[in-house]
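Visitor: The residues making up each chain are set out below.
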Amino acid sequence: MGIYLAKRIGLAVLVALFVSILAFGLLRLQGNAATALAGEGASPQDIAIIVETYGLDRPLVVQYATWLGNALTGDFGTSYFFKRPVAELIVSKVGNTVTLAVLSLGIALALSIPLGVLAAVYSGSWIDRVCSLISLMGQALPSFFLALCLVMVFAIQLRMFPASGTGSWQHFVLPAVTLGYYITPPFMRLVRAGMIDALSNDYVRTARAKGLPAHRVVLKHALRNALVPVVGLVTVQLGLLIGGSVVIESIFALDGLGYLAYQSISYRDFPVLQAVVLLLSLVYVVLTLLSDIVNAWLDPRLRVS
Amino acid sequence: MTFYKLLLGTALAAMTAIPAYAQQSENSLRFAYGQTLESPDPYFTTLRLGVILGRNVWDTLVVRDLESGEYKPLLATDWTWVDDTTLDLTLREGVTFHDGSPFGADDVVYTLSYVANPENRIVSQQVAEWIESVEKTGEHSVRIHTKSPTPAALEFLSSQLVILPSDYYSGPAGATQHALPIGTGPFKYDSYSAGGDMFLARNDDYVGSEFKTAASLDRVSIRTIPDQQTQIAELLSGGLDLTMGLPKDQADQLARMPGVQVQSGETMRIVFLQINTTDDTPNPALKDIRVRQALNHAIDKAAISENLVGEGSNVINTVCFIQQFGCTDEGATVYEFNPERAKELLAEAGYADGLTVKLHAYRERHISEAIINYLGNVGVTVELNYMQPAAMRDAMRARTVELAQSAWGSYSIYDLSASTPVYYGGQPDDNNLDPELIEILEKAGSIMDPEERKALYAAALKKIADEALAIPMFTLPTFYAGAEGLQFTTSSDEILRFWEYGWE
Numbered sequence: 054m055g056i057y058l059a060k061r062i063g064l065a066v067l068v069a070l071f072v073s074i075l076a077f078g079l080l081r082l083q084g085n086a087a088t089a090l091a092g093e094g095a096s097p098q099d100i101a102i103i104v105e106t107y108g109l110d111r112p113l114v115v116q117y118a119t120w121l122g123n124a125l126t127g128d129f130g131t132s133y134f135f136k137r138p139v140a141e142l143i144v145s146k147v148g149n150t151v152t153l154a155v156l157s158l159g160i161a162l163a164l165s166i167p168l169g170v171l172a173a174v175y176s177g178s179w180i181d182r183v184c185s186l187i188s189l190m191g192q193a194l195p196s197f198f199l200a201l202c203l204v205m206v207f208a209i210q211l212r213m214f215p216a217s218g219t220g221s222w223q224h225f226v227l228p229a230v231t232l233g234y235y236i237t238p239p240f241m242r243l244v245r246a247g248m249i250d251a252l253s254n255d256y257v258r259t260a261r262a263k264g265l266p267a268h269r270v271v272l273k274h275a276l277r278n279a280l281v282p283v284v285g286l287v288t289v290q291l292g293l294l295i296g297g298s299v300v301i302e303s304i305f306a307l308d309g310l311g312y313l314a315y316q317s318i319s320y321r322d323f324p325v326l327q328a329v330v331l332l333l334s335l336v337y338v339v340l341t342l343l344s345d346i347v348n349a350w351l352d353p354r355l356r357v358s
Numbered sequence: 011m012t013f014y015k016l017l018l019g020t021a022l023a024a025m026t027a028i029p030a031y032a033q034q035s036e037n038s039l040r041f042a043y044g045q046t047l048e049s050p051d052p053y054f055t056t057l058r059l060g061v062i063l064g065r066n067v068w069d070t071l072v073v074r075d076l077e078s079g080e081y082k083p084l085l086a087t088d089w090t091w092v093d094d095t096t097l098d099l100t101l102r103e104g105v106t107f108h109d110g111s112p113f114g115a116d117d118v119v120y121t122l123s124y125v126a127n128p129e130n131r132i133v134s135q136q137v138a139e140w141i142e143s144v145e146k147t148g149e150h151s152v153r154i155h156t157k158s159p160t161p162a163a164l165e166f167l168s169s170q171l172v173i174l175p176s177d178y179y180s181g182p183a184g185a186t187q188h189a190l191p192i193g194t195g196p197f198k199y200d201s202y203s204a205g206g207d208m209f210l211a212r213n214d215d216y217v218g219s220e221f222k223t224a225a226s227l228d229r230v231s232i233r234t235i236p237d238q239q240t241q242i243a244e245l246l247s248g249g250l251d252l253t254m255g256l257p258k259d260q261a262d263q264l265a266r267m268p269g270v271q272v273q274s275g276e277t278m279r280i281v282f283l284q285i286n287t288t289d290d291t292p293n294p295a296l297k298d299i300r301v302r303q304a305l306n307h308a309i310d311k312a313a314i315s316e317n318l319v320g321e322g323s324n325v326i327n328t329v330c331f332i333q334q335f336g337c338t339d340e341g342a343t344v345y346e347f348n349p350e351r352a353k354e355l356l357a358e359a360g361y362a363d364g365l366t367v368k369l370h371a372y373r374e375r376h377i378s379e380a381i382i383n384y385l386g387n388v389g390v391t392v393e394l395n396y397m398q399p400a401a402m403r404d405a406m407r408a409r410t411v412e413l414a415q416s417a418w419g420s421y422s423i424y425d426l427s428a429s430t431p432v433y434y435g436g437q438p439d440d441n442n443l444d445p446e447l448i449e450i451l452e453k454a455g456s457i458m459d460p461e462e463r464k465a466l467y468a469a470a471l472k473k474i475a476d477e478a479l480a481i482p483m484f485t486l487p488t489f490y491a492g493a494e495g496l497q498f499t500t501s502s503d504e505i506l507r508f509w510e511y512g513w514e
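First to last, the protein sequences are chains A and B.
Numbering of the first sequence is given in our numbering, commencing with residue 54 and proceeding in unit increments.
Numbering of the second sequence is given in our numbering, commencing with residue 11 and proceeding in unit increments.
It should be emphasised that the hints constitute simulated quantities derived from the structure, not laboratory data.
All of these numbers come straight from a predicted model, not from anything done at the bench.
Think of the CB as a built atom: it goes at the ideal place given N, C-alpha and C, for glycine as much as any other residue.
Treat the hints with caution; some may be incorrect.
Not the full set, but computed from the structure, chain A residues with beta-carbon under 7 Å of chain B [as the list claims (entries may be wrong)]:
id, residue
1, THR88
2, GLN98
3, ASP99
4, PHE134
5, LYS136
6, VAL204
7, ALA208
8, ARG212
9, ALA216
10, SER217
11, SER303
12, ILE304
13, ALA306
14, ASP308
Each computed DMTMM-like pair below joins lysine to aspartate or glutamate, with the alpha-carbon atoms no more than 25 Å apart [claimed, not checked]:
id, chain 1, residue 1, chain 2, residue 2
15, A, LYS136, B, GLU139
16, B, LYS258, B, GLU504
17, B, LYS157, B, ASP93
18, A, LYS136, B, GLU129
19, A, LYS136, B, ASP109
20, A, LYS136, B, ASP207
Whenever a hint applies, use it, and build me the whole structure from the sequences.
Guide: Here's what the structure looks like:
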């Protein structure tokens with residue numbers, strides 16, 4: 054288990070490092086950051102001052118090595134755009150993103166588990182097909198379209214929730230529903246498949262033979278077993294949600310990490326963007342690592358392979 | 011039944027939990043802007059929102075009267091040009107900053123010296139680089155020495171050069187120990203979050219002058235909403251009171267909605283095509299005046315202005331905004347829309363079989379497409395290079411563009427020195443480098459006599475038009491949408507004067 058753990062952690066570190074190099078390189082390919090930062094009507098003097106201030110004329114390797122060296126000591130530098138420490142910016146935004154991710158996950162689970170169970174219990178019937186359709190729509194509808202539909206109905210027509218912004222729990226409802234519905238399908242399929250499998254097992258037949266009510270057989274005996282793989286998927290999806298909320302946060306002007314990333318891309322704010330990319334890749338890597346470790350702990354065959 | 015009760019209860023709870031939308035009763039205004047403000051300090055942002063905040067939170071020494079174009083007292087009550095490079099100002103007494111500290115000569119000397127020093131790296135150096143030094147001549151009087159005669163000095167002192175307290179900065183690049191910026195303006199910062207929302211509260215101790223008066227609104231909240239659809243949704247759902255910069259089609263649609271009022275206003279931003287006629291122009295055909303005249307005759311700018319750009323847009327015949335000091339189209343050649351004449355001119359120049367040119371643009375793509383169509387009709391094939399602003403600027407400065415579609419706002423400076431010379435006065439974006447034009451424009455920018463300046467600018471504008479060195483198009487309007495009942499006015503400098511706003 055020790056060797057397996059060391060291998061996985063080593064791989065995780067390499068992935069994070071590779072992602073940071075890739076992000077660094079791709080950002081530089083976008084063009085001259087100093088011209089972008091200087092804004093409209095900037096004179097060559099304005100641009101030269103920016104180049105000098107941020108050391109943008111140094112070789113890329115030197116710029117990357119300096120950044121990485123500082124990042125390892127916890128210093129992510131100062132935002133080119135906001136002129137504030139990057140760490141301070143990230144700390145002020147991360148709470149909103151985590152709240153949105155957890156709420157979205159909650160909504161996805163609240164939708165997918167009942168739909169998956171219903172689809173499995175009535176497998177092959179019209180109920181199965183309706184449940185699958187509801188789930189499929191989540192995947193097929195672009196999230197920005199669903200976001201606009203929700204805003205039309207719940208913000209403009211019914212005035213139940215604000216159309217955008219941050220500040221109260223109401224602000225999270227529409228973005229969380231949008232994001233939650235979008236990630237419902239994989240959970241629903243997993244629950245459905247797990248339930249169909251569980252329902253055909255001997256212990257379910259035995260439970261039924263003992264005369265237990267149908268709902269107890271389904272919910273207590275079968276569902277508990279069908280949910281085991283879902284736990285693994287939760288960790289992966291949580292990583293995706295934290296990293297993947299850029300579009301939704303921008304549409305709803307929700308002041309989180311994704312929105313910060315969007316702003317940083319627009320203004321080529323390299324220090325912020327590099328820190329956000331590194332942080333998100335670390336979150337993803339750590340969650341995947343945790344999932345691997347839990348799976349390996351549960352299933353010794355994985356450790357051997 | 012229980013399920014329905016639960017659903018109804020949740021919905022009602024959600025509805026009652028929403029804060030009241032009626033801002034009218036709270037006497038506050040909620041404004042949204044599409045771009046993120048990088049700094050709450052107007053010296054360290056290039057955004058229009060920064061200029062708007064600059065005027066609302068701070069005061070300038072003088073204020074420009076929008077009606078007459080004259081400079082009127084604000085923080086300075088009186089001023090005199092001692093000679094061409096020395097300006098004496100008497101300062102107003104009894105003014106206090108938002109933190110309660112008194113305003114005086116030290117603050118003016120400190121602020122202007124700080125921003126004029128290139129080491130402090132304010133983002134637009136040109137607003138202060140003309141200042142040589144500032145000295146205190148009394149508790150309430152200062153003397154400004156300029157590096158050379160600067161005719162637009164009062165324009166800068168009435169626009170970007172806002173006054174901060176003398177201990178405000180702790181280092182270069184806007185470093186400060188103060189949690190919130192401090193000014194003397196009609197509003198003060200209540201809170202600011204980088205990239206997030208900010209709140210202004212009325213300054214109850216505002217002194218101002220008869221030309222800039224105290225605010226009637228209690229509070230103004232400013233949010234960044236990058237997505238225009240979301241801005242509109244917020245406006246329609248009562249979550250927002252004012253927004254600006256809407257595209258024409260959406261403004262037209264919004265104008266038909268109940269509860270929303272739409273205003274369009276001409277801005278100082280002018281659209282024109284710059285034609286690269288330098289010796290190493292990538293397209294030598296453009297050095298032929300007949301080709302340039304043909305391009306001018308080929309485009310129906312009045313039709314584009316009216317149909318695509320919308321109300322508030324006006325056709326221009328010279329490369330400047332008509333309200334700027336020195337801007338005129340008197341005596342300048344006007345090219346009427348005449349495709350037949352354009353074809354004749356092209357044939358005379360030897361391009362009867364057609365000509366291919368590259369057009370660089372970074373905004374208003376629909377205008378680019380219209381231009382391409384008009385030029386196509388006279389046999390000019392246009393290859394569009396639609397770029398990011400920064401990339402286009404790099405290309406312009408490398409002089410690798412042929413036709414450049416520019417939209418220039420003159421930093422809201424009502425003096426021609428902020429427009430035409432940028433593109434024809436030998437500055438980095440000049441793609442003509444005409445020695446005679448450079449000489450005229452430089453001279454006009456360095457003398458103080460108004461009549462002589464006007465004559466020089468008129469000569470330069472006439473030469474640009476007569477030689478068809480540009481294709482002047484039209485001004486751009488800005489569309490504003492506000493909640494019903496909000497009283498707001500707009501002006502060509504695109505500055506929202508929140509202190510003049512209120513609810514019916």
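Visitor: Does each hint fit the structure? Answer for all of them.
Guide: Results of checking the hints against the structure:
no., hint, result
1, THR88, "4 Å, holds"
2, GLN98, "5 Å, holds"
3, ASP99, "6 Å, holds"
4, PHE134, "5 Å, holds"
5, LYS136, "6 Å, holds"
6, VAL204, "5 Å, holds"
7, ALA208, "4 Å, holds"
8, ARG212, "6 Å, holds"
9, ALA216, "4 Å, holds"
10, SER217, "5 Å, holds"
11, SER303, "6 Å, holds"
12, ILE304, "5 Å, holds"
13, ALA306, "4 Å, holds"
14, ASP308, "4 Å, holds"
15, LYS136(A) x GLU139(B), "23 Å, holds"
16, LYS258(B) x GLU504(B), "16 Å, holds"
17, LYS157(B) x ASP93(B), "12 Å, holds"
18, LYS136(A) x GLU129(B), "16 Å, holds"
19, LYS136(A) x ASP109(B), "23 Å, holds"
20, LYS136(A) x ASP207(B), "17 Å, holds"
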